Each structure stands twice: as C-alpha cells, then as structure tokens.
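The listed protein sequences derive, respectively, from chains E and R.
If you're matching positions, the first sequence starts at 1 in UniProt numbering and goes up one per residue.
If you're matching positions, the second sequence starts at 1 in UniProt numbering and goes up one per residue.
Read the hints as simulated data drawn from the structure, not as lab findings.
Please read all numbers here as calculations on a predicted model, not as lab measurements.
Just so you know, not all the hints are guaranteed correct.
[Claimed, not checked] As a list, the in silico PhoX-like pairs of lysine-lysine whose alpha-carbon atoms are at most 25 Å apart: (1) K172(R) / K169(E); (2) K71(E) / K153(E); (3) K170(R) / K177(E); (4) K52(E) / K48(R); (5) K192(R) / K183(E).
[To be verified] Restraint-style ranges between C-beta atoms, simulated for each label pair: (6) D32(E) / L96(R): 27 to 33 Å; (7) K108(R) / K71(E): 37 to 43 Å; (8) E89(E) / S62(R): 44 to 50 Å.
[Unchecked claim] Over the 12 Å line for every Cβ pair with chain E, so calculated as not near, a few chain R residues: (9) F53; (10) N75; (11) Q93; (12) E132.
Positions of the beta carbon are idealized from the N, C-alpha and C atoms, including for glycine.
Chain by chain, the residues:
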Amino acid sequence: MSEGKCFLSDCEPCDSSSQSSMISVRLRDMEDSTEHSVEYEKCSVFHCAHSKCNLVLGDSLGACGEVKSLKSIICLKISKDVRVRGKLEMNKEGPLKFCTYNVLECSGCRRFVGFVLHSTPHHLSSLRGLYLLLKEAVNCYMLKSCIIVNASKLRFEHRPLGRSISEMKEDLEAQLKQVNLLKDMLDSRLGHCHLPLSSTVSD
Amino acid sequence: MAQQIDYVGHKDDTYVISEGLSVADSSSKVEDDGEGDSDAPAIFLCGKCRLPFGDSLSWAGSDDQQNQILLKCVNDNIVIGKEPFVSGTSEEQRCLAVHLTCRGCSFKLGHMYMSTPKSLDYKRSIFCLMVENIESYVLGSPDQQVAAVDREERPVTLEYMDNVEQQMTKIKSLAVTIGQRLLEIEVDLQCKSGTT
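Kindly generate the complete structure, drawing on both the sequences and the hints.
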C-alpha cells in the first residue's frame, strides 16, 4: 500500500500540479460557457439610407454575410418594416441575369432596399429565399461608437470555418494518440513495477 | 394503349398527392425560435425623424419620475443648444440647462444640465432625453421576419460564426497546454523507466 502511494506521488512532477489544475479550471470554463455571449460593441443596426426616412430595416445579428457581385448583405432576419412586394420581377441582364425575385421595399419611404431571389442560375442558388439588402440603401448605426456609415463602406464577409475545424480535429486526434501512447507506457510500467516492487523497496 | 394512359394518369395523381403532402409537411415545420434576448442593447432614435443618436451601451441611468433616460455619450445627430435656460420648478432644484435637439428635424429631445445643485449631480453634463420624444429599437428584436428557408439550409449568422471562432481559439489554446503537460508526463515517464 505504502509503495503504491509512493509511486503515485513520484509520477507527479512537483511544479506542474498548478498547470493541471489550470487545465481543469479551463475545461470547466468551456463547459459552463454553453450559452454564448454576444459582443454587442461590434453590432450595428441597419437603417433605410433614404434621407429623412431612417426606418430600422434590421440589425447585424440577423446578417449572414454579403454577396459582392450583388453589392448586398445577406440577412436571415429583417425588421417587419421591410415589405416584400408580391409581384415577381425578372432580369435579362446585369448581375441578376435570368433571375426572378421579389422586391423588398422600405415601408416608410417605399423605396427599393433589396430583394428576395425566387429562381436563380446555379451560382446564386444558395441565396434563394434569403433577404438581400442593397448595401447602398442601408446606413449602419454602429453601437458603442455611435457612428453612422453607409453599408457600402463596411464588410460583411464570412470566413469559412470548415478548414480550421478539420485542422483542429487533426490536432486533437494527434493528441489523443499521444494520450494513448502514454497510457500504454504507464500500463507497461505498472506491469513492470508489480514484479520488482519488493526489490525497489529493498533498494 | 388505353391501359397505359390510365397508368400514367394514376402515376401523375400519386405524384401530386405526395407533393401536396410535402408542402403540408414543410408548412407545419414553420417554427420560430423565440430568441428575444432580454439583455440585448437598444438604440435610441429621434421620435420624429428616426435619426439614431445613441444606444444603451452608454447608459448612465434613468429618472422615472421625470420620464427621462440618461446617456453618457451620443453622436452628432444631437445638437447641444447654446442658450442656457433656467430649469426646475422648485427653488431647491433650480439650475441651468441647455436644450438638446435633433439635427435632422430640430425636434426637442431633451436637455443637458450645465450646472446642478447637489441633489441633481448625477445628471450634470450628461444627456437627459425625454422618453416620450424618442423611439428605441432592441437588437435582435423578436418581432422580425425570418427568411422562409428550411432549417437545414439556413445559413449561420456572422455573430454565430464569431462565437464558434472564439470557442475554437479557446479549445486550441487549451489543447496547447494539455499538449505541454502530456509532453512533461512523457519525459518524466521515460526518465523513470530509464532509471529502473
């Protein structure tokens, strides 16, 4: 019994117990933060850019990115003050060539502020059904700094996460391998230890 | 021949029925994710021309009796008046203030105390805005319309992506620390097995 105890304490290098406890604290922290906190300082509110209208069209919490070719912001959610016009429009040229779409208008000034794509060629198909707000028609009020700028001066690019997720997966799998290796080492050492225990004690 | 036509017709029918079913199915799937964050900030707009001038991130308190909100800073859509006037009904609270008006429509939005007696010190040199003359909009307000896209096809929002990225950097740094610790243990084990 006393030998076993001695072995365990041997295994723990004296300076790293703090590191181990730090790891466990940070692990617990990761588990606790399941409900995410929003960085509201970085958020903005979208307003109709038509002078003297300023109606709220939506906010950055509902934005999913931008389409550079259409100069518009992709939104999942927009305010109720944006009206979807029932009539289906179509284009024979320009960036919306061969598309059919519903126009979005500001209910305050009835100006064209964006569109919802209904039918599209292949390259735009993932945008069907989403709200596309024209950057030029949108002014952004930036929280915290209180500055108002036209959305065409801002970027709403999304960063593809797939690659970094798979990179991280590789890293973690390598680590798992290392843990298994250590476990094997420890197992063999324990097995090793059991036999000559008496000899170490006698030493 | 006649049989074949009949068959085709039948096939068409079943197709239509199944399509009808799938439509009904997708419409029943419409659900809203009542997210309405109660701690989400609000932005404040002129009650008349809706020009935004500030937000609750610079909140400095409120005066419920006078129906005012207090903000530490606003943008230049609020014009600070030059002519001070005497404010306060009672002798005790009398002090000097200037009007705050909207740059867009000159609507009176509130005032700023330039000097205060002791009891009003918490309001000095900050923006006092009259609730009845302003409007507000809460971020991510639940009465927004959501794009009619199937849940599986819905893109994630930029905010969600930011959050995932943050979590990932946390995991990465944690993995580095764990890696260091593992390395230490490995070295330690090797030393030990070397001595035995």
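Okay, the hints, checked on the actual structure:
no.: 1; hint: K172(R) / K169(E); verdict: 10 Å, holds
no.: 2; hint: K71(E) / K153(E); verdict: 11 Å, holds
no.: 3; hint: K170(R) / K177(E); verdict: 21 Å, holds
no.: 4; hint: K52(E) / K48(R); verdict: 10 Å, holds
no.: 5; hint: K192(R) / K183(E); verdict: 15 Å, holds
no.: 6; hint: D32(E) / L96(R): 27 to 33 Å; verdict: 50 Å, violated
no.: 7; hint: K108(R) / K71(E): 37 to 43 Å; verdict: 38 Å, holds
no.: 8; hint: E89(E) / S62(R): 44 to 50 Å; verdict: 47 Å, holds
no.: 9; hint: F53; verdict: 7 Å, violated
no.: 10; hint: N75; verdict: 4 Å, violated
no.: 11; hint: Q93; verdict: 30 Å, holds
no.: 12; hint: E132; verdict: 19 Å, holds
In summary, the numbered hints that this structure violates are 6, 9 and 10.
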